[in-house]
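K.L.:
For chain V, the structure is supplied; the task is to place chain E on it using the hints.
Which chain is which? The protein sequence lines are V and E, in order.
Sequential numbering of the first sequence, starting at 1, is according to UniProt numbering.
Sequential numbering of the second sequence, starting at 1, is according to UniProt numbering.
Worth flagging that the hints you see were computed from the coordinates, not collected in a lab.
There could be a bad hint or two in this list.
Lysine to any residue pairs mimicking SDA-like chemistry, simulated, CA-CA at most 20 Å apart [unchecked claim]: (1) K103(E) <-> K60(V); (2) K60(V) <-> E83(E); (3) K284(V) <-> R59(E).
Residue-level listing of the chains:
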Amino acid sequence: MFYTVKELVEQSHAFPSIAALMVHTEVENSTRTEEQIRHLMSRNLEVMERSVKEGIAGVKSVTGLTGGEAKKLNTYINGQHFMSGQPIMEAVRNAIAVNEVNAKMGLICATPTAGSAGVLAGVLLAMRDRLHLSHDQQLDFLFTAGAFGLVIANNAGIAGAEGGCQEEVGSASAMAAAALVTANGGTAEQAATAVAITLQNMMGLVCDPVAGLVEVPCVKRNALGASQAMISADMALAGCISVIPADEVIEAVNRVGMQLPATLRETGEGGLATTPTGLRLKKKIFGKA
Amino acid sequence: MPDIRFHSVFDIIGPVMVGPSSSHTGGAARIGKVVRDIFGEKPEVITIYLYESFAKTYRGHGTDVALVAGLLGMAPDDPRLPESLKLAYDQGIKVSFVPKSDKVDHPNTAHIVLQTGDHRLAVTGVSIGGGNIQITEINGFKISLSMGQPTYITIHDDVPGMIAKVTGIFSSAGINIGTMTVTRTAKGKQAIMIIEADDYQTDILAKLKLLPHMRNVTYFE
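Looking at chain V on its own, in the form it has when it is part of the complex (with noise of 0.2 Å):
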């Protein structure tokens, strides 16, 4: 088992990678085999590649805040008008897909969590083909994402109640942007840069659903933790470092997340949701309490 980023990087080097030292572990800790693990991940895929379609098809949320934008961004990216790329564009889409069909109460795979389900589903669904990635690899993309993810769960966390957004869309962020550095032929250190110059950015996010619904602003956070993935991917892929380690970054992280005030920590008492218009929606769902 590795606990920390370092650790997770120099024990990867006994392995082909960073998917086969996570699958060695797992099969360690659990008691499961190496084909039951695999069988596992896949159908946590097939659930992913599910929601998405689901999504761009278009839906609706149970209280009506949120849904219908992955479709309007499909035709957006269709259009070909757009300014940063087909890739990102198409991960963003996805990323809003997957958490649309969260906020109506469909089937998603948490990765880390609900919240923030639709970045690692984003990411890799805009990028498989491009990348010619095989059934096999796209499963290895998962098992690197989650390796790289248990090393922020047990140094900071990755509840939106416990440490902020930060955590969540901010872990998820991470560990994407890690799978996709070694999807693209990376190393194990660009991954942990990745991961790196992803919660730098990110940390101090704060959690503050509106009516604490995990609708607005989760879904279209999610779209952008998705973009900041394939930017964050690009940037270690071209040799830029963290100046400051990963492992001290998600230290960093934890710190931060215990700092945030309880109203900034899913209560749904600060930030947006305590704007006129946040206070509103909530009174307007729920009445008075």
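P.N.:
Here is chain E on its own, set in the frame of chain V:
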């Protein structure tokens, strides 16, 4: 060495679940399911006390719906989950929610009390993120159950010799017991044993179920 709360890649990539929140919906459903399995029968009365983030946002996140779904025996990916309150009502189960303002150790805490006749169970569960949970209290006893490794829960009559018989089955199968918690509702009534083991064997479950005075055995991983 950090506090190791997450052990499996599937704690991070997964679970597959009905949205919208892994901690407030997925984790809540898992807490409910574990509590139902420990209880071992359909509850007639469900009382759920919610704390901090759970108390503030339970309606928006469907925490209420998910906890009850779990208490009805549903897993977090059960498509019937959004309908749980109606299903409970249809089954004649009385459900009430009590948001509390008391400070607790973890922001996502639920204290669940189940009752059927004079059979009563009180369990505290916390949802620590990504759908992962811990059970921190059963009938007033502080415990720490992460549900991350093979865990057996037995419900049995509180008679002499049960612990020896149960541990004997593990011993003869060559399976090491990591932690073990024994508690009971009242002397001579019903007792609960929670065993975290290092391995799983299908026939252990069958052997445990065959023991005299054994009411129910469940296995989690």
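K.L.:
Each hint needs a verdict: does it hold in this structure or not?
P.N.:
Structure-based check of all given hints:
1. The suggested pairing of K103(E) with K60(V) is violated, with an alpha-carbon distance near 36 Å, which exceeds 20 Å.
2. The hinted pair formed by K60(V) and E83(E) meets the criterion: a straight-line CA distance of about 18 Å does not exceed 20 Å.
3. Between K284(V) and R59(E) the CA atoms are separated by roughly 14 Å; this keeps the pair inside 20 Å, and the hint holds.
The structure is inconsistent with hint 1 alone, although it conforms to all the rest.
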